Amino acid sequence: MALDIKTNALDQRRQTFAHIARRLGEDRPASRYEEATFDLQPGGAHHYRPTWDPAHELYDASRTGIVLADWYVLKDPRQFYYGTYTIARARMMEAAEKALSFVEKRNGFAAIAPEWQDTIRFYLLPLRHVEWGANMNACSITDLGFGAAITQATMFTATDRLGIAQIIGRIGLIAGGGQALDEGKRVWMDAPEWQPMRRLVEDSLVISDWFEMFVAQFLALDGLLYPLVYDLFDLAGQAHGASSLSMMTEFMVDWRDEVTRWIDAVLRATARESDANRDHLGRWFAHWEQRAAEALAPLATRVLGEAGIDALAGLRGELAKRAAGLGIPVGQ
Amino acid sequence: MSVKAIGAYRFAPADRVENFHGNQLLTLLWDDHLMFAAPIVVPVPPSMPWSAVAGEVLPQLYAQHPDWAKVDMGEVEWTLDGEPFEPDAARSLAEQGVHHKSVIRFRTPGLVGLAGAHF
Amino acid sequence: MTQNVSITLQNTDEGRGIIAAIMADNPDAVANRYPAMTKIDCPGRLVMNRETISTELGRDYDLQELNLTLVCLSGNVDEDDDRLLIAWNA
Amino acid sequence: MTTTTTQSPRAKKLGIKERYSYLTRGLDWEPSYQPREKIFPYTDYEGIRIHDWDKFEDPFRLTMDAYWKFQAEKERRLYAVIDSFAQNNGQMNVTDARYINALKIFLTAVSPLEYAAHRSYAHVGRHFDGVGPRIACQMQAIDELRHAQTQIHTISHFNKFFDGLHDPWHMFSRVWYLSVPKSFFEDAMSAGPFEFLTAISFSFEYVLTSLLFVPFMSGAAYNGDMATVTFGFSAQSDESRHMTLGLEIIKFMLEQDEGNVPIVQKWIDKWFWRGYRLLSIVAMMMDYMLPKKIMSWKEAWEIYFEQGGGALFTDLARYGIRLPKYHEIASAEKDHYSHQAWSTFYQYTHAAAFHTWLPDAGEEAWMREKYPESYDRLYAPRYAHWGAEADEGKRFYNNGLPQLCQVCQVPAFFTEANDPTRISLRTCEHEGEHYHFCSDGCRDIFLDEPEKYVQAWLPVHQIYQGNCGGATVPEVLDWYHLNGGADNLDYKGSPDEALWQSWQASKAGTGT
Chain A
146 MALDIKTNAL DQRRQTFAHI ARRLGEDRPA SRYEEATFDL QPGGAHHYRP
196 TWDPAHELYD ASRTGIVLAD WYVLKDPRQF YYGTYTIARA RMMEAAEKAL
246 SFVEKRNGFA AIAPEWQDTI RFYLLPLRHV EWGANMNACS ITDLGFGAAI
296 TQATMFTATD RLGIAQIIGR IGLIAGGGQA LDEGKRVWMD APEWQPMRRL
346 VEDSLVISDW FEMFVAQFLA LDGLLYPLVY DLFDLAGQAH GASSLSMMTE
396 FMVDWRDEVT RWIDAVLRAT ARESDANRDH LGRWFAHWEQ RAAEALAPLA
446 TRVLGEAGID ALAGLRGELA KRAAGLGIPV GQ
Chain B
18 MSVKAIGAYR FAPADRVENF HGNQLLTLLW DDHLMFAAPI VVPVPPSMPW
68 SAVAGEVLPQ LYAQHPDWAK VDMGEVEWTL DGEPFEPDAA RSLAEQGVHH
118 KSVIRFRTPG LVGLAGAHF
Chain H
153 MTQNVSITLQ NTDEGRGIIA AIMADNPDAV ANRYPAMTKI DCPGRLVMNR
203 ETISTELGRD YDLQELNLTL VCLSGNVDED DDRLLIAWNA
Chain Y
142 MTTTTTQSPR AKKLGIKERY SYLTRGLDWE PSYQPREKIF PYTDYEGIRI
192 HDWDKFEDPF RLTMDAYWKF QAEKERRLYA VIDSFAQNNG QMNVTDARYI
242 NALKIFLTAV SPLEYAAHRS YAHVGRHFDG VGPRIACQMQ AIDELRHAQT
292 QIHTISHFNK FFDGLHDPWH MFSRVWYLSV PKSFFEDAMS AGPFEFLTAI
342 SFSFEYVLTS LLFVPFMSGA AYNGDMATVT FGFSAQSDES RHMTLGLEII
392 KFMLEQDEGN VPIVQKWIDK WFWRGYRLLS IVAMMMDYML PKKIMSWKEA
442 WEIYFEQGGG ALFTDLARYG IRLPKYHEIA SAEKDHYSHQ AWSTFYQYTH
492 AAAFHTWLPD AGEEAWMREK YPESYDRLYA PRYAHWGAEA DEGKRFYNNG
542 LPQLCQVCQV PAFFTEANDP TRISLRTCEH EGEHYHFCSD GCRDIFLDEP
592 EKYVQAWLPV HQIYQGNCGG ATVPEVLDWY HLNGGADNLD YKGSPDEALW
642 QSWQASKAGT GT
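One line per chain: the protein sequences are A, B, H and Y, in this order.
Going by this note's numbering, the first residue of the first sequence is number 146, and it counts up by one from there.
Going by this note's numbering, the first residue of the second sequence is number 18, and it counts up by one from there.
Going by this note's numbering, the first residue of the third sequence is number 153, and it counts up by one from there.
Going by this note's numbering, the first residue of the fourth sequence is number 142, and it counts up by one from there.
One chain only, chain A, in its complex shape (with noise of 0.2 Å):
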């Protein structure tokens, strides 16, 4: 055995693939990353444009107004690759799974005061739809994105949103049964504080550059949102009794500290590389950013009363803060 070890030593020829040692500069062991993602999108020339656009490739940069030298460079921080992603999302999943079976059998969220629970049933149920459009919004950019990088995260993401709707679903169904849901989707469609949300999903999902739709979801949308709802509506849950909620929204918590990070290295990546880059985020952020504090006022203020707009405010501030911190221009 020592004898085949020494063998494999010396016989061995290369440490990694020639295109990852030309990232890598020379050929050194390269991370399961690195191997899973640089340069799987085929390059070269296509056989036949798309039936279905054929204005432009089938793997075409010229889809968004954005240009990178390098599309490599939207690495994920978080190095997620098809194991390391479903792995992770086992484990936060084996946890979630724990609180809503204990809500569950202890009936906690029956412990949650009665007009709350109404409360959150109206602000939580709907969103599974805007998860749902999240979702759509991810896919799509899968589909039209450049670059193996980008549109592998954002594979991760339609899935997580899925999940995310899920996991809503299944606390409505601890919150009321299926009734409940019924109801929650009865909100969406009619209610008039959830109709500026609604519209602005659904405009959300015929933006036609999908980098604008990642500015748009990812950045303005979810960045206002989760930290009104899971922040700031959860908080003010507490003086309601509702810690059984915050146990069974732990995942959504957990998932947006991780995806910020990825969120903000691909916005940071593309601000850096040019003017006109620069230019179109904040012009995209500046719209939308506008439109999901419009689409939020209604909700902040049914949940938290006439504090909401002060908080949704204070969120804003917060968003422009870390948009300007990525080196997006914020307007003044």
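Hint data in this document are derived by calculation from the structure and do not stem from the laboratory.
One or more of the hints may lead you astray.
[Unchecked claim] Listed next, with one range per pair, are the computed distances between beta-carbon atoms:
(1) Y/E616 / B/N36: 12 to 20 Å
(2) Y/E214 / A/R428: 40 to 48 Å
(3) Y/E214 / A/D420: 45 to 53 Å
(4) B/D105 / Y/E510: 51 to 59 Å
(5) B/A71 / Y/G607: 24 to 32 Å
(6) A/G189 / B/E100: 33 to 41 Å
(7) A/R406 / Y/L155: 34 to 42 Å
(8) Y/A458 / B/A80: 49 to 57 Å
Fair warning: this is a prediction, and the values are worked out from it, not measured in the lab.
Positions of the beta carbon are idealized from the N, C-alpha and C atoms, including for glycine.
Position chains B, H and Y relative to chain A; hints supplied.
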């Protein structure tokens, strides 16, 4: 029939003759000699005389086969794009109707490859 | 003539239990063994019962765990909590 | 004490169907701020009529919690095997280093298709109107990414020792024979969503891929490659879900509108033939590249297409669907397919990133047994002649570049179904240009959509246009990133062979 597409869907053919820098493509197929697994395609100027095809192009491609040395050029049965063809050694390909992507398929009577396997 | 449906499973410990359960519940099934996998053919339809598999494995089996052992199948699939059915003319 | 609850209307434990329905189907809504056709712009132009998207049944009903749980478990098991294979130098324990050449084809030809499938299932996973097919397609989209990545991670270890694996993504878009898989998948990706699913989910995954994965993976196990068999089977467990999507989507289209039947039939005809031609490479891998053989291409064709496919199409007959056009040609070719493919690569292996060789005596005996109709009569004499030439130092390489089929892009090496000694070559003229094909099947496909196939990037023609690095073979090989003298040529005399023999010698040394 034509493609169903969401918008106008017409693109220039990838292999128009003008893309070949003065050459045109010629496909050659020697029947009963499956040692050459598929028809062979070569770029040739349309002005090339048949004598150059017979004297240079074909031997360069096929001389590895033991049958090639036995081929009597006068006996070869040629077809051009599916029709019987009697090449004129002195005239050019273009003058004899050999166009871009023409197929010249031929058999050599009495020479049917090795081991009775058309190989 | 009744056409075969088929299911192919990995030759793992779980796979062996599932194969045994299928063979017990489907008298017409035929198991073809290959390196690392077993292909079971059965005329018309084949049923996998959660309970039989649980008995074979000595633990509570969730049919969705089949995901870990399945290699290939042929036929229309219908799954509920207690059984998975593969059939033609479903 | 009995626990009772009166406070909230607690639901009784939901069954899998009901639970799935609440958690997924309920997510969608009828948009009112944007027109539906703007959100879903691609489901109309192919002519398929869908009246009720809710009728689509997803038979496995996976929700993301279960998906993450099972997939993570699969990944843990797989990477444990990959790690231990590397640590134990598993590459030294395969049956023979010739086997590695099958992995070279796999990594350069199949893994990139997994990636392409990932992106194109994301496309349809976004754009189908119905929730059911959308989620099924999205799960497939992420699964296909998994397959590309697990294949890279498994084969990465082999790349450290063997040639021909070092630059797969670069090669995929350039090397001549890799345009066969590339054009196949790009044909499907560039089609509308319904044709795409008919092509890949049904015709390829359901009807044909068992032929690729099942015997090949079983073959990997038989040849001592535990890493490959593990990723292969792990992928197949996802594949079963994908195949089921393929069958469900076909039934869905056929049940929704009678007008869909002829469209679907035409697609089945096209994609059966396109997929079958792609599998010529697999036929050769099965019969020639596995040192220990599981089953012949012919047997696999009989089990998986003639019997398995036969049962499937009998079942679909109630919708008015028949077996794919030219299936009888495919069955007639089963005695010849692998041999003709191997003969072709044998003579063009100077321009390929894998090795070829002549079968040894034991393998020839197997061929004779499996192919009594054809082997001794047509193929053994070839190998005898080539063997004798090679022994004299004149290993045969073809000096010319082959005519490629305009549609499948395989060199036109196939013979007439009724005469295995005559090359099948078909031609047509379209708008003043001439096009050549390997078969009636491929010509029919062209004639149905000529605007598509006139765009084909045919490697041989591209070389002659000067777009592939230069006019000489060495220049083209450089452009391919193919290391001449190492990646290509006969196995005999290759660095791979020398390495393998040194391992065998060192093992023999430790044994005594």
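Consistency of the hints with the structure:
no.: 1; hint: Y/E616 / B/N36: 12 to 20 Å; result: 18 Å, holds
no.: 2; hint: Y/E214 / A/R428: 40 to 48 Å; result: 45 Å, holds
no.: 3; hint: Y/E214 / A/D420: 45 to 53 Å; result: 48 Å, holds
no.: 4; hint: B/D105 / Y/E510: 51 to 59 Å; result: 52 Å, holds
no.: 5; hint: B/A71 / Y/G607: 24 to 32 Å; result: 27 Å, holds
no.: 6; hint: A/G189 / B/E100: 33 to 41 Å; result: 39 Å, holds
no.: 7; hint: A/R406 / Y/L155: 34 to 42 Å; result: 36 Å, holds
no.: 8; hint: Y/A458 / B/A80: 49 to 57 Å; result: 54 Å, holds
Violated hints for the displayed structure: none, as all numbered hints are satisfied.
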